[in-house]
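Chain by chain, the residues:
Number of protein chains: 2
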Amino acid sequence: MPKSRRIEVITSKENESIKRLKKLHEKKYREELKAFLIEGVKVVNEALDNVSETINLVVFSQEAIQKYGEFFDKCINLLNSGKLRRLVQVPEKIFEHISTTTTPQGVLAECSFFDKGLDVLNHHNRVVVIDCVQDPGNLGTIIRCADAFGFECIVTLDGTVDVYNPKVVRSAMGSIFHIDIVRETKKEELLETLREKRFALYVTTPHGNVDISTLSVDNRFAIVIGSESRGIDAAFLENATKKVKISMPGKAESLNAAVAAAIVLYELRKK
Amino acid sequence: MPKSRRIEVITSKENESIKRLKKLHEKKYREELKAFLIEGVKVVNEALDNVSETINLVVFSQEAIQKYGEFFDKCINLLNSGKLRRLVQVPEKIFEHISTTTTPQGVLAECSFFDKGLDVLNHHNRVVVIDCVQDPGNLGTIIRCADAFGFECIVTLDGTVDVYNPKVVRSAMGSIFHIDIVRETKKEELLETLREKRFALYVTTPHGNVDISTLSVDNRFAIVIGSESRGIDAAFLENATKKVKISMPGKAESLNAAVAAAIVLYELRKK
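If you're matching them up, the sequences are chains A and B in order.
Take the first sequence: its letter number 120 is residue 120 in full-length UniProt numbering, and every next letter is one higher.
Take the second sequence: its letter number 262 is residue 262 in full-length UniProt numbering, and every next letter is one higher.
If you're looking for bench data, these hints aren't it; they were derived computationally from the structure.
A couple of the hints might just be wrong.
As the list claims (entries may be wrong) - When the alpha-carbon atoms are kept at most 25 Å apart in a straight line, the in silico DSS-like pairs for lysine-lysine are as follows:
#1 LYS83(A) <-> LYS22(B)
#2 LYS42(A) <-> LYS67(A)
#3 LYS93(B) <-> LYS19(B)
#4 LYS243(B) <-> LYS251(A)
#5 LYS251(A) <-> LYS22(B)
#6 LYS197(B) <-> LYS167(B)
#7 LYS243(B) <-> LYS270(A)
#8 LYS245(A) <-> LYS242(B)
#9 LYS251(A) <-> LYS270(A)
#10 LYS116(A) <-> LYS67(A)
#11 LYS167(A) <-> LYS67(B)
#12 LYS23(B) <-> LYS74(A)
#13 LYS116(B) <-> LYS42(A)
#14 LYS186(B) <-> LYS42(A)
#15 LYS186(B) <-> LYS197(B)
#16 LYS42(B) <-> LYS251(A)
#17 LYS187(A) <-> LYS197(A)
#18 LYS270(A) <-> LYS22(B)
#19 LYS83(A) <-> LYS67(A)
#20 LYS27(B) <-> LYS243(B)
#21 LYS251(B) <-> LYS270(B)
#22 LYS167(A) <-> LYS251(B)
#23 LYS197(A) <-> LYS270(A)
#24 LYS251(B) <-> LYS270(A)
#25 LYS67(A) <-> LYS13(A)
#26 LYS251(A) <-> LYS186(B)
#27 LYS187(B) <-> LYS243(A)
#28 LYS23(B) <-> LYS116(B)
#29 LYS83(B) <-> LYS116(A)
#30 LYS83(B) <-> LYS93(B)
#31 LYS245(A) <-> LYS270(B)
#32 LYS19(B) <-> LYS251(A)
#33 LYS245(A) <-> LYS116(A)
#34 LYS83(B) <-> LYS34(B)
#35 LYS245(B) <-> LYS187(B)
#36 LYS34(B) <-> LYS22(B)
#37 LYS251(A) <-> LYS187(B)
#38 LYS93(B) <-> LYS22(B)
#39 LYS34(B) <-> LYS245(B)
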């Protein structure tokens, strides 16, 4: 069976690759090693289809090899064709040790960082800026929405949860592989770049004077999504081209941050 | 100080009121006692303003009395005027014991159930039906959205997480007190009622043939919100007046359930 010749079998927690995977649960090691974990068949599959060159290795638990046989075969083929560097098989116990979830599917991969610098804004006309969103589930949901509504670039600011946090990656459901990401940017630098490149700047605030449903959209714009509790940073409010609001005819005073972002991105989708 | 005369101080976990509050963490006791817990200053305040007659008692921790002095005074006034039945003060330890959160604010209340029967549909023209949403955070978020966009009635079907679950109540942020709720309804019974009362029935499905943004809305309608994983029940698909979809020009194949619901309710808001 030459097909499976290069699959590595690892059975010890003390193995260097396993120790490295475990380290990637923590942000400080992710920054040091410039790599992060993705988990679950759907997400790993999306990564293989979109950013395979950044994948350092794919790990299967023994049970997952049986359960996701077709996907395992795909990985073997990529390994044989040289498009996947390493394919690793581990016992369930080791998988549970490296897993980022409490109910692991048994498939996980290590990716190198693939975020871009601010100069990537040269190639985009519609940018989503995320400021101070701290809940990983919310950030993942917003990235997934941005992707669904045809945005191709996301900029996160300093103070926003790490894009490479396993919970963000999980709730983004593969969307981080479809979109250019600029990460942990300084506010001043971003504002400077947006000015230089002549982006209109939209902010969403309950005190906005333009109903998002009636906004006439500029050719080139950045939309700022803030957190529910902290609202929009003063620097963005001062520099805003338009301050938009979501009209709420009912009694609730506000919306969940991810929901408000979703509605704004929906209204700004490519029509 | 006659003002504070009737405030009860409870210092033992063995006190019957404390035991009862602890029991209300579990659905089986909520159903038996027809009561549930609400927690946090904002939510308890919303309840006092909207459904004070259903509140059986309000509990403050000693620290919370200091911290939320103004709100405590409001409760004392309601107690003195007979609009609040009981006001209880407990040490922090006891509060932590009865709290439904890991970071308690120190304010909690017991409410009697206030859900309605299906005949409440006589009074409404715009109804949100929730089928099989199992995540409490998602259900709470959907209720908050429905309230924000001017819906006044929600029907949850058997198989949906309990509206009175503390996590649902928390993420709904007071919106359950603004809206008529019909709870744990049988699908057949609901469909029969909707037919009788001549409601149009809208369902959202990726296979819908009407873009939600172009839907011309009937005077009287029910919109069915399903779960992300299970989709819309066949009985609703068969009986649907219109099958709507959210257009997604980007690469993500689907949206988070709460986000999809939010966009649909936004599009169907009273304009």
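Hints and how they fare:
Proximity of LYS83(A) to LYS22(B) is assessed by CA-CA distance (about 57 Å); at most 25 Å being required, the pair is judged violated. Of the supplied pair hints, the one linking LYS42(A) and LYS67(A) holds, its CA atoms being roughly 14 Å apart against a limit of 25 Å. For the given pair, LYS93(B) sits about 14 Å from LYS19(B) by alpha-carbon distance, which is consistent with the 25 Å threshold. Simply put, LYS243(B) and LYS251(A) have alpha-carbon atoms about 28 Å apart, too far for the 25 Å limit, and the pair is violated.
For the hint pairing LYS251(A) with LYS22(B), the CA-to-CA distance comes to about 31 Å; that exceeds 25 Å, so the pair is violated. A distance of roughly 33 Å separates the Cα atoms of LYS197(B) and LYS167(B); the hinted pair therefore is violated under the 25 Å criterion. Note on LYS243(B) and LYS270(A): the hinted pairing holds, with a Cα-Cα distance of about 22 Å set against a maximum of 25 Å. With a C-alpha separation of about 29 Å, the suggested pair LYS245(A) and LYS242(B) falls outside the 25 Å cut-off, and the hint is violated.
Pair hint LYS251(A) plus LYS270(A) does not hold up; C-alpha atoms about 31 Å apart against a cutoff of 25 Å. Simply put, LYS116(A) and LYS67(A) have alpha-carbon atoms about 36 Å apart, too far for the 25 Å limit, and the pair is violated. A C-alpha spacing of about 34 Å is found between LYS167(A) and LYS67(B), which places the hinted pair above 25 Å, so the restraint is violated. The hinted pair formed by LYS23(B) and LYS74(A) fails the criterion: a straight-line CA distance of about 51 Å is larger than 25 Å.
In summary, the hint linking LYS116(B) to LYS42(A) is not supported, as the alpha carbons are separated by about 42 Å, beyond the 25 Å threshold. A C-alpha spacing of about 34 Å is found between LYS186(B) and LYS42(A), which places the hinted pair above 25 Å, so the restraint is violated. At most 25 Å may separate the alpha-carbon atoms for a hinted pair to count; LYS186(B) and LYS197(B) meet this at roughly 17 Å. In summary, the hint linking LYS42(B) to LYS251(A) is supported, as the alpha carbons are separated by about 14 Å, within the 25 Å threshold.
With a C-alpha separation of about 15 Å, the suggested pair LYS187(A) and LYS197(A) falls inside the 25 Å cut-off, and the hint holds. Our distance criterion of 25 Å between C-alpha atoms is broken by LYS270(A) and LYS22(B), whose separation comes to about 51 Å. Restraint check for LYS83(A) and LYS67(A): satisfied, since their Cα atoms lie roughly 23 Å apart, inside the 25 Å limit. With a CA separation close to 34 Å, the supplied pair LYS27(B) and LYS243(B) exceeds the 25 Å bound.
With a CA separation close to 31 Å, the supplied pair LYS251(B) and LYS270(B) exceeds the 25 Å bound. Between LYS167(A) and LYS251(B) the CA atoms are separated by roughly 20 Å; this keeps the pair inside 25 Å, and the hint holds. Simply put, LYS197(A) and LYS270(A) have alpha-carbon atoms about 21 Å apart, close enough for the 25 Å limit, and the pair holds. Of the supplied pair hints, the one linking LYS251(B) and LYS270(A) holds, its CA atoms being roughly 12 Å apart against a limit of 25 Å.
With a C-alpha separation of about 23 Å, the suggested pairing of LYS67(A) with LYS13(A) holds against the 25 Å cut-off. Only pairs whose Cα atoms come within 25 Å are accepted, and LYS251(A) paired with LYS186(B) is rejected, the gap being roughly 28 Å. Distance hint between LYS187(B) and LYS243(A) is unfulfilled; the C-alpha atoms sit about 43 Å from each other, more than 25 Å. The suggested pairing of LYS23(B) with LYS116(B) holds, with an alpha-carbon distance near 23 Å, which does not exceed 25 Å.
Taking the CA atoms of LYS83(B) and LYS116(A), the gap is near 60 Å; set against the 25 Å cutoff, the hint is violated. At roughly 28 Å between alpha-carbon atoms, LYS83(B) and LYS93(B) are farther apart than 25 Å, so this suggested pair is violated. Taking the CA atoms of LYS245(A) and LYS270(B), the gap is near 16 Å; set against the 25 Å cutoff, the hint holds. Between the alpha carbons of LYS19(B) and LYS251(A) the distance comes to roughly 35 Å, so the proposed pair goes past 25 Å and is violated.
Restraint check for LYS245(A) and LYS116(A): not satisfied, since their Cα atoms lie roughly 30 Å apart, outside the 25 Å limit. For the given pair, LYS83(B) sits about 20 Å from LYS34(B) by alpha-carbon distance, which is consistent with the 25 Å threshold. Among the hinted pairs, LYS245(B) with LYS187(B) is consistent with the structure: their alpha-carbon atoms are about 22 Å apart, no more than 25 Å. Annotation: proposed proximity of LYS34(B) to LYS22(B) holds, straight-line Cα distance about 14 Å (limit 25 Å).
A threshold of 25 Å between alpha carbons decides the hint, and for LYS251(A) with LYS187(B) the separation of about 28 Å lies outside it, so the pair is violated. At roughly 13 Å between alpha-carbon atoms, LYS93(B) and LYS22(B) fall within 25 Å of each other, so this suggested pair holds. Taken as a hint, the LYS34(B) and LYS245(B) pair is broken in the structure, with Cα atoms around 38 Å apart against an allowance of 25 Å.
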